[in-house]
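*Asks:* Each chain, letter by letter, is given below.
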Amino acid sequence: MSFKAPAEGVLLPPYRILDLTGPEAVFCGKLLADYGADVVKVEPPGGDPTRNKAPFIGDEVGIDRSSYFLFYNTNKRSVTIDIDTPKGQELFKKLAKTADVLIESFPVGHMESKGLGFDSLNAINPSLVMASVTPFGQTGPWSGYQSSDLISLAASGFMQITGDPDGPPLRQGNEQSHFPGAQYAAAAIMGALFYRDMQGGGGQHIDVSQQEAMIAYYTDAHPALAWMQRGENVTRVGTNSTLVIPLGAYPSSDGWISAGIITPREWENLSQWMYEVTGNEEILNDDYKGGNQDRAPFNDIITALVIDFTTRFTSEELFHQGQERNLVFIPVNTVSDLLVDPQLEASNFWFDIDHAEAGTLRYPLGVFDSEEVSPTTNPAPHLGQDNEAILCGELGLSQSELFSLRSQGVV
Amino acid sequence: MSDPKKPLTGIRILELGPYVALPMTGRILASLGAEVIKVETNKVLDEMNFIPAWSRGGGQPEFQRAKKRITIDVRTPDGMEVFKELVKVSDVFMTNFRRNILDRWGIDFPELRRLRPDIILMWQTGLGGIGPYYTYKSYGILVQHMGGVSLMSGDEGEPPATINTSYSDYHTGVFQPVAIMGALLRRSLTGQPATMESSIFKSGAVTAGPSLLDYQSNGRLPRRIGNRDPNAAPHGVYQCLGQDRWCAIAVKTDMQWEAFCNVIGNPEWCRDQEFVSLESRLTNQDRLDQLVSDWASTQEAEDTMIRMQEAGVPASIVSQGKDLYESEHLKARAFYRSTPFYLAERERPAYEWDGKEGIAAANPPKLSESPMDYGDYSNIGEDNDYVFKEILGLSLTEIDRLTESQSLF
Chain E
36 MSFKAPAEGV LLPPYRILDL TGPEAVFCGK LLADYGADVV KVEPPGGDPT RNKAPFIGDE
96 VGIDRSSYFL FYNTNKRSVT IDIDTPKGQE LFKKLAKTAD VLIESFPVGH MESKGLGFDS
156 LNAINPSLVM ASVTPFGQTG PWSGYQSSDL ISLAASGFMQ ITGDPDGPPL RQGNEQSHFP
216 GAQYAAAAIM GALFYRDMQG GGGQHIDVSQ QEAMIAYYTD AHPALAWMQR GENVTRVGTN
276 STLVIPLGAY PSSDGWISAG IITPREWENL SQWMYEVTGN EEILNDDYKG GNQDRAPFND
336 IITALVIDFT TRFTSEELFH QGQERNLVFI PVNTVSDLLV DPQLEASNFW FDIDHAEAGT
396 LRYPLGVFDS EEVSPTTNPA PHLGQDNEAI LCGELGLSQS ELFSLRSQGV V
Chain C
-15 MSDPKKPLTG IRILELGPYV ALPMTGRILA SLGAEVIKVE TNKVLDEMNF IPAWSRGGGQ
45 PEFQRAKKRI TIDVRTPDGM EVFKELVKVS DVFMTNFRRN ILDRWGIDFP ELRRLRPDII
105 LMWQTGLGGI GPYYTYKSYG ILVQHMGGVS LMSGDEGEPP ATINTSYSDY HTGVFQPVAI
165 MGALLRRSLT GQPATMESSI FKSGAVTAGP SLLDYQSNGR LPRRIGNRDP NAAPHGVYQC
225 LGQDRWCAIA VKTDMQWEAF CNVIGNPEWC RDQEFVSLES RLTNQDRLDQ LVSDWASTQE
285 AEDTMIRMQE AGVPASIVSQ GKDLYESEHL KARAFYRSTP FYLAERERPA YEWDGKEGIA
345 AANPPKLSES PMDYGDYSNI GEDNDYVFKE ILGLSLTEID RLTESQSLF
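Chains as they are written, first to last, in the working numbering: chain E, 36 to 446; chain C, -15 to 393.
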C-alpha cells in the first residue's frame, strides 16, 4: 500500500491505481494521475480501443496520436495484460495485490466472469478500493442495459433540457456523460482511501451509476420534483433560461454574449443602462422590477428589449462594461478562444506536455491553482511502455518469464 | 460504538458562500462524514432560494443536507469575532467570494493562517481569484458558454446549444472535494497545509476535452453535428407517440444494426445497399434518419427502448420528470428520497419559513463499507445553538445578546 508522503510539490500520495476503464470513466484516473497518484493503465495487448479514435495529431493515424487518448491519459503509465486469458488473469491478480485502487467501467458482471470481481480481489487484497462506473449502476432493472454517451444523456434527462423548445433534445458535443460519473468516482475513491488510511477501515467496492451522477449534475432544474409537485414536465427553453429572467445567450454586434440578471439590484443596474442606451422607457416599467421570478410573465418582451440592447455592442464591450456596472455578461467562447484567454493564461491552467509523437501541446491540467502543489506533466503513455518496469521491476517477474508471456500474447 | 466511523470523521470544514458549486462540495464532504458548518445570514439570503424550482424545494436539500447551518453576519465586528473563533477550530475553510468582497469584510487568508496555522484553504470563484478578471462577477449557468461547450453542441449556424442548468458549477462542485481530501491526506503525511484556488471557468474549460488538442495540432474547431456521431448510425433521438416523447438510439456495430432491423420488423429499406455497412449508413444518414423517424413516429418511446435493449441495441427514452420520479430502476437503487424543505420568502427570516415535504437525490456513489450519509436537513440557522454553545463554548446569554444585535442572524 502506498500511504506515503507525496513528493515535494505534489498533492496526492503515490497511490497505486489500476485503470481498466473505457470512455465512461477514463477521466477519473486522469484526474487522480494529474495530481500525483501512480495510475497504471492496464491495456489489452492490442492497445486501448480509444488509441484508434479520431481525430489524430496532424491527422495522421497512429496508436500514439489520438487526441482523445492523449488527452485522457496524461500522467498514467501503461502495462499490457490480456485479462481474457487465465495467465493474464493470474498476472493481473499479482498486480492487484500491490494496488490501492482499481477503477473499471466494464458491463456489470464482466469482471466476475474473468474471476476478477470485487470478492475475488478482496480475498487477495483486503485493502483494495474498487470503483465500478457503469451506465446504470451494479443493481436495479436497468443495470444490464447497454449505453453510449448519447444514451446516457437521454436516460438522465440531460438532453430533455438542452436545446430549443421547438427542436429535438440535444446532445452536448463534448461527450458530457463521461464527466459526472468519473468525477463522482474520484471523490468517492478519495473518501474510501481516507476511510482506510485515516480511520483504520478496509477496502471496499464503490458503485457509481452514470445516470445518477448526471441527474445530480442538474438539480437546479429538478424535473422529478417538478413532476411530483405540479405534474409539470420540465423541458427545453432554448438559449434563454426560465430559471432566471433575463438569463441566457443573446446576439451581440459581433457574435454572441451571455448574460444573467439574478438579484433585484442587478435588474436596477441593467434596466437603467438599457434605458440610457436605447432611450426606450418601457424597460423602466415598475412591473419588471424585483427578483428573478418577478419578470417571468414578461419573458418574451424583456428578451426582445435585451436583444435590442445587446446588438448595439460587441461581446467584448458588454463583458467589460457590464462588470463596471456590477452586471454579469460572459463571452460565448470557442475552443480557440480558450487557448488565448488572458484569465486562463494568468492562473496556471495550461501546462505544456511534450510527447514523442504528438510534440509539445498545451493541456488544461490546472483545475485548481496552488503555490504548494502543482499537477504533474507526463504525457500519455506508449502502449506497454512500463511492462518491464512494473512486471519485472516491481512484481519480480524474470526477463524470461516476461518473454514467455509476451510470446503467448498475454502481455 | 453506536456511531461507526465515516471517512472524514473528525474533520471540521467551514463553508462561506452561496449558489451551487461550493455548497455541493460541502454536501459531498459532509456526506462522507466531515462536520461541515455552513455560515449564512438572514440579512442577505442566497438568491438560489428564490429561483423557481428551488423555492419549491429543489436543489437546496441536495446541496445543504448533512450540514450544520448557522447564521453569522460577518460584516459586523461581533460576527467577525465569532467567525474567527470558528476558523481556529476548523481543518478547512472554503469560500466562493471574490477578493474585493473578502477584503471589504476583512477576511484575509494570511490572517486565517495565523489564527489556524495548518488550515486548508479552498478559494473558489467564478472566473478566477487571480488574473485580469479577478474582480469580475459571474454565474455558473453562463460559464457553459465561456468554457466552449455550447458552441460545440447543436448544429452549425444555430445559436449556442444551451442546457437550462448551472452546467459548470457541478464540475467545480465535484472537483473540489477531491482536491480538499487530497490536501487533508497530504497535511497528515507532511504536516503542510495548502491553499487552493479554483474557478468555475477552469472547471468548465477542462470539459472542452480533446478538441483542445485537435485545434492546436490541426487548427480545427469542433464540428457541430447535433445528435450525430462520427462512429455510429442511426444515432439520434427519434420522436415517438405522445407529447415531446423521444427515444434515443445508437447503432454502432453491424450486429447492432441487424438487431435494430429485426426490432423494427425488417422493412425492405433495411436491406438497401445504402445501409449495408456503417460507412454507407454514415454517408446516407439523412435518408436513414428520415426512415427511422417515420417508423418511430408510430411507436411508444418506452416500448421502443425496451425492445431495442432486449435485442442488444443501446437505446433510452429521453427521460422526463415523470419518468425519473416513477422509474422502477431508480426506486430499486433508492435514488430519490423524501426530505423536508422550507418555502423561501424574501421578507421573512428563514426560521419563519413554512416546512414542507419534497424529494432529494441521494449522493450518487454507493460505498459498500462506509456509505455516504443522506444526512439530516437543517434550515438556515437551525444549528446556531449547537455550534456556538457546544463547539465555541459561548454562553446562552452571550448567544442571545449577539442574536439580538443581529451579529448572529
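Hints are supplied without guarantee of correctness; some may be wrong.
Here are the computed distance ranges between Cβ atoms for each label pair [as the list claims (entries may be wrong)]:
1. K340(C) - E316(E): 52 to 58 Å
2. D270(C) - G44(E): 52 to 58 Å
3. D343(E) - W253(C): 45 to 51 Å
4. D384(C) - G44(E): 31 to 37 Å
Calculated cross-link-like contacts (lysine-lysine; reagent style BS3-like; alpha-carbon spacing at most 27 Å) [what the hints assert, rightly or not]:
5. K88(E) - K121(C)
6. K27(C) - K324(E)
7. K149(E) - K306(C)
8. K121(C) - K324(E)
In case anyone wonders, no lab produced these hints; they're calculated from the structure.
Backbone N, C-alpha and C fix where the C-beta goes; we use that ideal spot for every residue, glycine too.
*Asks:* With a cut-off of 27 Å on the C-alpha distance, tell me whether K149(E) and K306(C) pass.
*Replies:* 39 Å, violated
*Asks:* Just to be careful, I want the Cα atoms of K27(C) and K324(E) compared with a cutoff of 27 Å; is the pair within it?
*Replies:* With a Cα-Cα distance of about 20 Å, the restraint between K27(C) and K324(E) holds, given a limit of 27 Å.
*Asks:* Is the hinted range of 52 to 58 Å satisfied by the C-beta distance from D270(C) to G44(E)?
*Replies:* Given a distance of about 54 Å, which is inside 52 to 58 Å, the answer is holds.
*Asks:* Run the distance test for K121(C) versus K324(E): straight-line Cα separation, threshold 27 Å.
*Replies:* 21 Å, holds
*Asks:* Confirm or reject the claim that K340(C) and E316(E) have a C-beta distance inside 52 to 58 Å.
*Replies:* For E316(E) against K340(C), whose Cβ atoms are near 41 Å apart, the range 52 to 58 Å is violated.
*Asks:* Against the range 31 to 37 Å, how does the distance between the Cβ atoms of D384(C) and G44(E) compare: consistent or not?
*Replies:* 49 Å, violated
*Asks:* If you draw a straight line from the CA of K88(E) to the CA of K121(C), is it 27 Å or shorter?
*Replies:* Violated. K88(E) to K121(C) sits at ~39 Å, over the 27 Å cutoff.
*Asks:* So does D343(E) sit 45 to 51 Å from W253(C), Cβ to Cβ?
*Replies:* Holds: the Cβ-Cβ distance is about 49 Å, inside 45 to 51 Å.
Hints 1, 4, 5, 7 from the earlier list are contradicted by this structure; the remaining hints agree with it.
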